[in-house]
Amino acid sequence: MSAPLLAATGLTKSFGPTAALRGASVAVDAGEVLAVMGPSGSGKSTLLHCLAGILPPDEGEIWFSGQRVNDLTEPRRSRLRRERFGFVFQFGQLVPELPVVDNIMLPALLSGGRISAARSSALALLDRLDLTGLGGRRPGELSGGEAQRVALARALITRPAVIFADEPTGSLDSVAGELVMDLLVDRAREQGASVVLVTHDARVAAFADRHVTVRDGRVSALAAA
Amino acid sequence: MSVAATLLGLIEPQPSHGYQLKREYDELFGQERPLPFGQMYTALGRLHRDGLVVVEGPAPGGGPDRKYYEITESGVTHLEEWLRQPERPEPHLQPVLWAKVVIALVSNRPAEEYLDAQRAAHLKRMAELTAMRRKGPLRQSLLADYGLFHLEADLRWIDTAVARLAQLAKDVAR
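These protein sequence lines are chains A and B, in that order. So the first sequence is residues 1 to 225, counted in my numbering. So the second sequence is residues 1001 to 1174, counted in my numbering.
Just chain B, same shape as in the assembly (with noise of 0.2 Å):
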């Protein structure tokens, strides 16, 4: 996620200083990750050179965090953007499960085994999961239901590889 261009979302509605703006960021997207202050302020500063938000303040009697951020046109150019250009769609297995799987095979070793443990700790993530979803609020719902459909995704390779191992093993054969 640009957490740039998400605080730029947060800014257009109305001008906000740091501390407010953190508090929203965790509030919407950080339940897992809060966004540590020195990521947020050097976001903002890039933010403000190039000309997407104005600095307003420090407000009478306050240090750095009382300043206000106000989005400018540029910058809701800049945001329009970024919200019509669609994400590339990347695949989402991570290239290390199929890096170990491969390994596994040439040097002889348990794939399936390694396939097994990996499919554990799926099921054991997406129970989290499954568990976030059943008690949070709608938009913690849709976001662990994000997560889980990934997973799923994953796991459904994991089976696929396994019921293949046998011929993928001839192969990757060297």
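Only chain A is shown next, with the shape it has when bound in the complex (with noise of 0.2 Å):
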């Protein structure tokens, strides 16, 4: 059997007196969609800050495609998450003075690509996502679902090995909401990237190859999907 992915052991974080994890540990396969379950507070999105080497835990281990992220320094994990990384979060989170393909190509260019294959990988996004003939508008012009699917495309420019995606249909209606699941899943699948996926909704999770909730801060595996 071969080494997951992404694995943490044994993790905590404190904010202040509140312990949001107590020991919590997740494994994600390579191409795998993991679902994160859980009630509100339960730490499920503090996980994903740790997993993804946004909040460094107090205790435990966080190993990445056979590195160990707690040894890395700030800006060699700020590169992990530029290059290997990529985030949906509940809202887009778009640069709102940015047309759409600027906001599309941004990682892709903060990774040091060039402008012009990177404008030529966002606009195939586009066409990707069905968001043909969009990339000129400001995200303050688009939709909630349509703002969602820019940010999965942003996501997606730099071909990451984990997508990261924290409630990522929580702001839209439910036929909005399964174009994203839809497409953010065929995506990754296609580029063969894992999916950490955050939700508190039922019908979100049903998206994935495998269930954990968090409670009290730490992971319980659910049967298999």
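For the record, the hints were derived by calculation from the structure and aren't laboratory data. Hints are not guaranteed to be accurate.
Claimed, not checked - Away from chain B, derived, C-beta distances all over 12 Å, residues of chain A: (1) S2; (2) G23; (3) R79; (4) F91; (5) P96; (6) G113; (7) L126; (8) S171; (9) E190; (10) D201; (11) S220; (12) A221.
As the list claims (entries may be wrong) - Just some of the chain A residues that point at chain B, by a computed CB distance under 10 Å: (13) S111; (14) R114; (15) I115; (16) D182; (17) V185; (18) A202; (19) F207; (20) A208; (21) D209.
For glycine and all other residues, C-beta sits at the position ideal for the given N, C-alpha and C.
Grab the two chains, each in its own frame, and use the hints to assemble them into the complex.
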């Protein structure tokens, strides 16, 4: 059995007196879509932030592709996030002043990509995400579903190994949400990316290959889907 | 679902024989549970007995399967009444699930573990329905959606029950 692509063991994380994680362990295989479920305040978003190297845990280990993430300096963690990870959050968090196509190109440019190649990839992603012709609009001119698909395109442009999605459909109605999930899972599988999907919504979690639940800062496995 | 009324609705546009009816029924409603021939002929017999269909034939050279069923005026009235009459809203949570929770609590067994197992089973079924919804034509997707919404409601109940187990244990203590 091969080692998981991403694994965390015994993570603890507190914010002041509040313990968010109390010994959380989880592993994600290459190409796997994992749903992390749990009630509000259970620690699932904190777990995602630790796995993605955004938040350092107080204790425990995180391994990505044979590399101990805890040992990395902040600049190297930042580079890891930029080049190997993609992110989709509940509210797209697009740059409002930039046209859609520039928003999508941004991670590729920050990773040192050439402008012409980044633009060509961004335009291809617009087509792949049913956004053809919207590249010149500003984020404020998009519907919620379109904005989330732009955020998804931005997450995909660097062809990340892992996409972290935190309540990616939380601000959408069910039809727009399902389209985002259809595209997220299909495009991730095309690129061979793993997905860590944090959600409290069982209909969203049903897109995953496997489910775990976070309760009181600990992870328990649910049966494979 | 009322099989007899559904068959009546399939017969109405044009007289049909048994094999054709079964094929249409299974294509529209029986993807996961095809209609057994025996059940279909029992329902057709009842429709005939009640004067809602007449039987034509058998067609030349045909066996019992070549009998054609045609809707009567009473049949059309019955079909319209069935369509207009709203279905009784039913709680979909299986009564057995509630019974398991209460029995687990009164016998001091781990109700939360049982509910977690149920959650896993629900999520597994939801994943199957989601795969079916994504692959199939719209009529199959909407059918899967119906199941997904009901399973989601069950899951919400399971989550609420888990959050209130301690309180419920006091409530049902004997």
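Status of each hint after checking the structure:
The Cβ of S2 of chain A lies farther than 12 Å from every Cβ of chain B, with a closest approach of about 24 Å, so its non-interface assignment holds. Distance check on G23 of chain A: its Cβ is at least 18 Å (rounded) from any Cβ of chain B, clearing the 12 Å threshold; non-interface status holds. Look at R79 of chain A: its CB is around 35 Å from the nearest CB on chain B, clear of 12 Å, so calling it non-interface holds up. The Cβ of F91 of chain A sits about 23 Å from the closest Cβ of chain B, beyond the 12 Å cut-off, so the non-interface label holds.
Distance to chain B confirms P96 of chain A as a non-interface residue, since its nearest Cβ pair spans about 33 Å, more than 12 Å. For G113 of chain A, the requirement that its beta carbon stay farther than 12 Å from each beta carbon of chain B is met, with the minimum near 32 Å. The Cβ of L126 of chain A lies farther than 12 Å from every Cβ of chain B, with a closest approach of about 22 Å, so its non-interface assignment holds. In this structure S171 of chain A is separated from chain B by more than 12 Å, as the shortest Cβ-Cβ distance comes to about 18 Å.
With a minimum CB-CB distance of about 15 Å to chain B, E190 of chain A clears the 12 Å threshold, and the non-interface call stands. Listed as a non-interface residue, D201 of chain A fails to keep its Cβ farther than 12 Å from every Cβ of chain B; the least gap is roughly 8 Å. Distance check on S220 of chain A: its Cβ comes as close as 7 Å (rounded) to a Cβ of chain B, failing to clear the 12 Å threshold; non-interface status is violated. Under the 12 Å C-beta cut-off, the non-interface status given to A221 of chain A relative to chain B is violated; the minimum distance is some 9 Å.
For S111 of chain A, the interface hint is violated, since its Cβ never comes within 10 Å of a Cβ in chain B; the closest pair sits about 32 Å apart. With 10 Å as the threshold, the beta carbon of R114 of chain A stays out of range of chain B, its nearest partner Cβ sitting at about 36 Å, so the hint is violated. This hint is violated: I115 of chain A has a C-beta 36 Å from the nearest C-beta of chain B, more than the 10 Å allowed. At a threshold of 10 Å, the smallest CB-CB gap from D182 of chain A to chain B is about 6 Å, leaving the interface hint in force.
The beta carbon of V185 of chain A comes within 8 Å of a beta carbon in chain B, closer than 10 Å, and the hint placing it at the interface holds. With a least beta-carbon distance of about 5 Å to chain B, the hint placing A202 of chain A at the interface is held under the 10 Å criterion. Interface hint at F207 of chain A: satisfied, since its Cβ lies 6 Å from the closest Cβ of chain B, which is below the 10 Å cut-off. The beta carbon of A208 of chain A is positioned within 10 Å of a beta carbon in chain B (closest approach about 7 Å), and the interface hint is therefore held.
Nearest Cβ of chain B to the Cβ of D209 of chain A: about 8 Å, under the 10 Å cut. The hint holds.
This entry does not satisfy hints 10, 11, 12, 13, 14 and 15, going by the numbered hints stated previously.
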